Amino acid sequence: MEATPLLAAERIDKRFERRLDFAGRLAVKLGAAPGNETVHALDGVSLAVRRGEVLGVVGESGCGKSTLGRILAGIMPASSGRILWQGADRDRLTGTERRTVKLAVQMVFQDPASSLNPRMRVADIIGEAPLVHGQVTRAELGDYIDTILRDVGLDPAMKQRYPHQFSGGQRQRIGIARALAVEPQCIIADEAVAALDVSIRAQIINLFDELRQKRDLTYLFISHDLGIVRFIADRVVVMYLGRVVESAPTSALFAAPNHPYTVALLAGAPRLEDRKRAFAAIEGEIPSPLNPPRGCHFHPRCPHVMARCREEAPRLSEIAPGRLSACHLNQA
Amino acid sequence: MTPTLDIAGLSTHFFTRDGIAKAVDGVSFSIAPGEVLGLVGESGSGKSVTGFSILGLVDPPGRVVAGAIRFKGEDLVGADAQRLRSLRGNRIAMVFQDPMMTLNPVLRIGEQMTEAISAHSKATKSEAQARARDALGAVGIASPEERLTAYPHHLSGGMRQRVAIAIALINAPDLLIADEPTTALDVTIQGQILSVVQRLVARSHTALLWITHDLSVVAGLADRIAVMYAGRIVEQGAVDGLLTCPRHPYTAGLLASLPERAVHGGRLASIPGMAPSLLNRPQGCAFRSRCGLARPECGNAMIAEKQVGDRRFACLHPLADSAGQVM
Chain C
437 MEATPLLAAE RIDKRFERRL DFAGRLAVKL GAAPGNETVH ALDGVSLAVR
487 RGEVLGVVGE SGCGKSTLGR ILAGIMPASS GRILWQGADR DRLTGTERRT
537 VKLAVQMVFQ DPASSLNPRM RVADIIGEAP LVHGQVTRAE LGDYIDTILR
587 DVGLDPAMKQ RYPHQFSGGQ RQRIGIARAL AVEPQCIIAD EAVAALDVSI
637 RAQIINLFDE LRQKRDLTYL FISHDLGIVR FIADRVVVMY LGRVVESAPT
687 SALFAAPNHP YTVALLAGAP RLEDRKRAFA AIEGEIPSPL NPPRGCHFHP
737 RCPHVMARCR EEAPRLSEIA PGRLSACHLN QA
Chain U
262 MTPTLDIAGL STHFFTRDGI AKAVDGVSFS IAPGEVLGLV GESGSGKSVT
312 GFSILGLVDP PGRVVAGAIR FKGEDLVGAD AQRLRSLRGN RIAMVFQDPM
362 MTLNPVLRIG EQMTEAISAH SKATKSEAQA RARDALGAVG IASPEERLTA
412 YPHHLSGGMR QRVAIAIALI NAPDLLIADE PTTALDVTIQ GQILSVVQRL
462 VARSHTALLW ITHDLSVVAG LADRIAVMYA GRIVEQGAVD GLLTCPRHPY
512 TAGLLASLPE RAVHGGRLAS IPGMAPSLLN RPQGCAFRSR CGLARPECGN
562 AMIAEKQVGD RRFACLHPLA DSAGQVM
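Chains as they are written, first to last, in the working numbering: chain C, 437 to 768; chain U, 262 to 588.
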């Protein structure tokens with residue numbers, strides 16, 4: 437058995453319910469509508485992040501990857517299931533322990549323009565949390581902020597400016613600095629480089645890598661971009677419509693994807709090596725999470741669909757050491 | 262053969278309160294019938310404004326200040342509104358990143374499609390309906406007959422983009438301008454859209470200008486690529502040569518920044534600094550402040566474009582012919 441993971445999710449469920457308005461409730465009473473609409477965003481998701489690794493989470497819109505990131509970061513409660521920090525149930529911790537653990541996981545968001553308060557100066561954006569949590573004194577704060585700004589590649593002389601005075605890449609550096617300010621052990625990056633231009637994106641990816649070595653960080657890197665995940669992640673988790681369909685070490689996954697969805701995803705991504713290729717993508721739309729298909733969620737689009745897939749959801753099971761996949765084909 | 266589109270020295274400037282933003286500044290390229298040109302650049306490079314300029318859709322304070330846009334030999338710069346109107350949506354069509362920019366949210370899909378037909382030809386209502394239905398089928402929409410009566414909000418993002426493409430191609434245009442039409446879509450849906458566009462454009466021998474920030478997309482789609490930086494085309498040529506052996510340091514830097522080609526766990530080669538403001542474009546080569554090969558003469562006036570074979574690039578110290586990965 438390997439060491440206890442730093443951060444783990446155990447059978448996490450997340451359901452979002454839309455409260456009905458008066459007309460809706462009336463319709464339910466009269467038997468004309470089926471009741472509250474529920475989006476099953478996460479359906480029994482389990483994963484483990486080991487200390488020091490970069491775990492990539494990939495999937496298309498609506499697969500629940502951002503919801504998972506928010507629940508792991510502790511900024512959104514799960515409907516059921518447990519989050520374990522070094523083996524201990526995070527929701528049962530109390531007092532200072534609870535606070536330390538909560539600060540240990542921080543998040544970096546996709547859009548730095550909407551995740552930074554436009555009315556706060558950079559020094560306050562970065563300095564507020566460590567000051568409130570008593571990690572630095574007011575006297576030390578100035579130097580502390582300067583150190584972090586230098587770490588993320590910004591000039592400390594700019595700390596009295598507002599977010600709008602920075603470019604997109606610089607704003608993302610501020611977002612990273614804010615996450616680092618409370619000395620976290622694990623950073624959850626939700627599409628953190630998706631909004632950036634190619635040349636700036638490379639700078640930020642390199643920054644993530646530098647910080648990991650310098651500060652001994654663990655990353656959960658959520659992205660829809662397979663090229664980035666392939667480059668940065670040690671292991672990859674693939675999600676589809678609220679479920680984990682496959683997880684594997686990065687090189688193994690890209691060399692030989694197992695789940696038909698992973699196969700389709702890798703085949704569909706455009707590559708620099710393509711020349712006048714005939715694009716032929718997997719058919720069908722991503723189903724609505726309001727009304728997911730029965731059985732395996734991927735079955736309406738799967739080229740290998742069998743009768744069993746329409747009825748029974750496949751379990752995520754080990755297909756090789758360190759590799760999990762949820763597909764009935766593996767049991768056939 | 263006359264090219265479908267031939268742009269020479271196009272400059273589109275925006276006269277703002279803060280000064281003149283030279284969004285497009287001396288851009289030249291041409292597209293032959295049936296050819297696919299990928300116009301690649303980062304945000305603010307002027308790639309979209311180039312597309313809008315072709316259709317005469319640049320609004321004040323912006324204005325085409327110089328150059329020629331020859332569409333099948335006819336110069337569109339200075340053409341009257343009437344003439345442009347008869348070309349737009351008919352001989353030249355455009356698809357945008359957000360299909361809701363094209364689709365009217367309060368009109369049924371069918372009405373929007375037949376409108377595009379009857380605006381440019383004398384088709385009867387039933388003929389137009391039939392053509393609309395066929396066009397929806399051609400972009401891979403299941404049960405097109407029913408979809409004609411749907412409103413845009415009934416459809417998913419990928420379906421809306423298919424409808425926008427169906428409308429753009431309904432009059433079999435000679436030129437289709439596609440401005441990042443797959444950027445907002447998921448990977449598997451992007452593949453579907455690429456496959457549809459590729460098939461339809463080849464069938465009708467339409468020239469395609471595909472504007473994107475994503476080199477990987479145009480690698481598999483285009484015949485030629487033009488790379489824009491700060492309002493100018495810095496390099497253009499056939500896809501294979503340009504991607505395997507870039508001559509301009511910016512193209513090389515862009516390629517090296519892609520994680521696809523990098524070794525896992527290594528460092529990405531990034532381009533230092535950021536793009537200059539269009540309001541205050543430096544003299545000479547706009548890339549020189551970020552370029553590792555820059556020398557004092559790179560700041561001299563205008564950098565003339567060089568042509569080697571089918572490749573054109575604007576650089577005084579281009580990378581070697583064979584090994585492109587110098588940067």
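Errors might be hidden in some of the hints.
[Unchecked claim] Pairs of lysine to any residue residues, derived as SDA-like cross-links and limited to a Cα-Cα distance of at most 25 Å, are as follows: (1) C/Lys712 with C/Ser724; (2) C/Lys465 with U/Ala445; (3) C/Lys712 with U/Gly534; (4) C/Lys712 with U/Ser465; (5) C/Lys712 with U/Ala463; (6) C/Lys650 with U/Thr444; (7) C/Lys712 with U/Asp341; (8) C/Lys712 with U/Glu296; (9) C/Lys712 with U/Thr263; (10) C/Lys712 with U/Gly570; (11) C/Lys712 with U/Ala445; (12) U/Lys567 with U/Asp341; (13) C/Lys650 with U/Pro533; (14) C/Lys712 with U/His415; (15) C/Lys712 with U/Gly527; (16) C/Lys712 with U/Pro533; (17) C/Lys712 with U/Gly502; (18) C/Lys650 with U/Gly534; (19) C/Lys538 with C/Ser551; (20) U/Lys333 with U/Ala293; (21) C/Lys712 with U/Gly526; (22) U/Lys383 with U/Asp341; (23) C/Lys712 with U/Arg460; (24) C/Lys712 with U/Ala327; (25) C/Lys650 with U/Asp501; (26) C/Lys538 with C/Gln571; (27) C/Lys650 with C/Ala593; (28) C/Lys650 with C/Thr536; (29) C/Lys712 with U/Gln358.
If you're looking for bench data, these hints aren't it; they were derived computationally from the structure. Remember, predicted model here, so these are calculated numbers, not experimental data.
### Query
Which hint numbers does the structure go against, in order from smallest to largest?
1, 2, 3, 6, 7, 12, 14, 15, 16, 21, 24 and 25
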